[in-house]
Amino acid sequence: MTQYIIEAEGLTKKFGDLAAVDGINFHVNAGECFGILGPNGAGKTTTVRMAYGFSPKTAGTLKVFGLDIEKDWRSIKSRIGVCQQENSLDPDLSVEQNLLVFARYFNIPPGRAREKAQQLLQFISLDNRRGAKVTELSGGMMRRMILARSLINDPELLILDEPTTGLDPQARHQLWQRLEELKAGGLTILLTTHYMDEASRLCDRLVIMHQGKILVEGKPADLIREHVGHNVIEVDDPAEKLRAFVKSQSLECEDLGHRLIIYGQGRDDLFHEIGDRFCTGGCILRMATLEDVFLKLTGRELKE
Amino acid sequence: MNALFSVSISKRFWRVWQRNFTVYQKIWKISFIPPLFEPLFYLLAFGIGLGALVGKISYHGAPVSYIAFLAPALIAVNIMNNAFFENTYASFVRMYHQKTFDAMLATPLSIDEIITGEIIWGATKSVIATAIMLIVISLFGLIHYPSGLLILPLAFLGGIAFGAIGMYFTGITPTIDMFNLPIFLFVTPMFLFSGTFFPAENLPAWAQAMALIFPLTHLVTLVRAFSLGSITAHLLWSVMYLIIFCMVFFPLALIKMRRRLIK
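For the record, the sequence lines run as chains A and B. Positions 1 to 304 (the numbering used here) are the ones given, in order, by the first sequence. Positions 1001 to 1263 (the numbering used here) are the ones given, in order, by the second sequence.
Since the hints were derived computationally from the structure, they do not count as laboratory data. Ideal Cβ placement from N, Cα and C applies to all residues, glycine included. Certain hints may be false.
Quick list of in silico lysine-lysine cross-link-like pairs, DSS-like style, CA-CA up to 30 Å [to be verified]:
#	chain 1	residue 1	chain 2	residue 2
1	B	1011	A	213
2	B	1099	A	213
3	B	1256	A	71
4	A	116	B	1099
5	B	1011	A	116
6	A	71	B	1011
7	A	133	B	1099
8	B	1099	A	71
9	B	1256	A	63
10	A	63	A	219
11	B	1263	A	71
12	A	133	B	1056
13	A	14	B	1099
14	A	14	A	219
15	B	1263	A	63
16	A	213	A	296
17	A	14	A	296
18	A	14	B	1256
19	A	63	B	1011
20	B	1099	A	63
21	B	1026	A	116
22	A	14	B	1263
23	B	1029	A	133
24	B	1099	A	183
Negatives, chain A to chain B, calculated, CB over 12 Å [said to hold, decoys possible]:
#	residue
25	169
26	204
27	283
With beta-carbon atoms standing in for the labels, derived distance ranges [unchecked claim]:
#	chain 1	residue 1	chain 2	residue 2	range
28	A	156	B	1213	51 to 57 Å
29	A	218	B	1247	52 to 58 Å
30	B	1140	A	128	48 to 54 Å
Next up, chain A with everything else stripped away, as it sits in the complex (with noise of 0.2 Å):
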């Protein structure tokens, strides 16, 4: 039988009343990157701080490595690597001697760890940088940081909430990068994110959360495909024949008002279709994407 690395059953998180995370339940397998998607408030950040013994969780199961969390969380804890979604650098130490203090929690001895620090300055290109304030570094390199010091520990399962929020472009592409590196090293990760690309980009399989409860379960390709189909057409200010013509069809959509999605659902000769009978400009065919998924299942509006 094959272990999980994390197993999730009737996973619950109450804070009060209001259940953050309700009832879920997911399994990590072994040197997979495991996505949880959601909006703001879907209890993404709720569930990885249960599995990293951060929260106590409300009911349900939780075991990583096949230990129980609440019993064996020392040891669990020692063979992790988390990288907070807040930035918890120490403005007290310098760069590598943030990494120095955080191998002495995991009683990593001084030689080793002096050793493993120069190997993960060196990874995330900052080993010329280990004497300076961690205030003088960029957004980017912060995160670089912090991804360098949850791996102090030669961790077997990676825990990241939201590594690239707020990030450029390029630090957002360096970052990935450095992950891809890591999974093909054999890294088990555990990811949130409500960055679609990143998901799509890291993710071996994923789910997505909306309000404590877990929409859908796959690995993106699969999802894209069975919730939204290859293509999406987009249509600014559609013609009410439009509208009379997809209602015809039975073809799935998402009104927005000035602007109407087709789902393509396999049709290619629809948008050809579409667009000669009823489009006089602004008519786009595109590849469908996760975020059509992802907006498809969660609603449009805002979440907060």
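Starting from the known structure of chain A, fit chain B onto it as the hints suggest.
Using the frame of chain A, we list chain B on its own:
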């Protein structure tokens, strides 16, 4: 409460102490200055300036120069301030603004170890400051040895007492500005009425009784006795008081910080 959050203190709390010590090593040159100069300022202003007016005072029936009376109290106040301010403002900044505790909680450290490490560190700062002050004040010939050496372990005990109550306030304060309240209502009255600048015996009877509630009163009594070399069995009451104070506020600090940090 499940097992994850029941009391768990291993010697790993030492790692938290080490983190603070590493930071201290970077700024030790600045940290050394206050305990070096503060007693000098006070001894100059109150001991020599005010002492000229006061002359000798009667302490437990024996005449003592005002400066010899005052110097031990300065040490006691410094023990209080070092631990109390370390475990209020400094700990609060680490907890709330720097997210240092959050980062530690993603490692094999428990909340209890983090808080214990912080309080022991606060007490360590009290000991360091006390050692520096002892040297300075000894140069004036105001400390009786070898009994004066007892002040060092006493600084550790007093540091834990004031660090624990400081950490308790850190556990319940909504914002950093609200520390003004315990300082105004707790620290300042103690600073003035714990037999620091004048013998508590000069107070009316009811105020003397109230002063006995203050932990600083007991700390001042002990430091003064060790400095003057007048050790009596009566002092055990003050030691007991400080130990009991630690035994009450140390667990209370853990409870309040757990409540604050566990989400």
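We went through each hint and held it up to the structure:
no., hint, result
1, B:1011 / A:213, "40 Å, violated"
2, B:1099 / A:213, "29 Å, holds"
3, B:1256 / A:71, "23 Å, holds"
4, A:116 / B:1099, "24 Å, holds"
5, B:1011 / A:116, "24 Å, holds"
6, A:71 / B:1011, "19 Å, holds"
7, A:133 / B:1099, "16 Å, holds"
8, B:1099 / A:71, "25 Å, holds"
9, B:1256 / A:63, "28 Å, holds"
10, A:63 / A:219, "23 Å, holds"
11, B:1263 / A:71, "18 Å, holds"
12, A:133 / B:1056, "54 Å, violated"
13, A:14 / B:1099, "23 Å, holds"
14, A:14 / A:219, "29 Å, holds"
15, B:1263 / A:63, "19 Å, holds"
16, A:213 / A:296, "16 Å, holds"
17, A:14 / A:296, "27 Å, holds"
18, A:14 / B:1256, "20 Å, holds"
19, A:63 / B:1011, "27 Å, holds"
20, B:1099 / A:63, "27 Å, holds"
21, B:1026 / A:116, "23 Å, holds"
22, A:14 / B:1263, "10 Å, holds"
23, B:1029 / A:133, "19 Å, holds"
24, B:1099 / A:183, "28 Å, holds"
25, 169, "26 Å, holds"
26, 204, "24 Å, holds"
27, 283, "49 Å, holds"
28, A:156 / B:1213: 51 to 57 Å, "54 Å, holds"
29, A:218 / B:1247: 52 to 58 Å, "56 Å, holds"
30, B:1140 / A:128: 48 to 54 Å, "52 Å, holds"
Hint compliance for this structure: hints 1, 12 are broken, all remaining hints hold.
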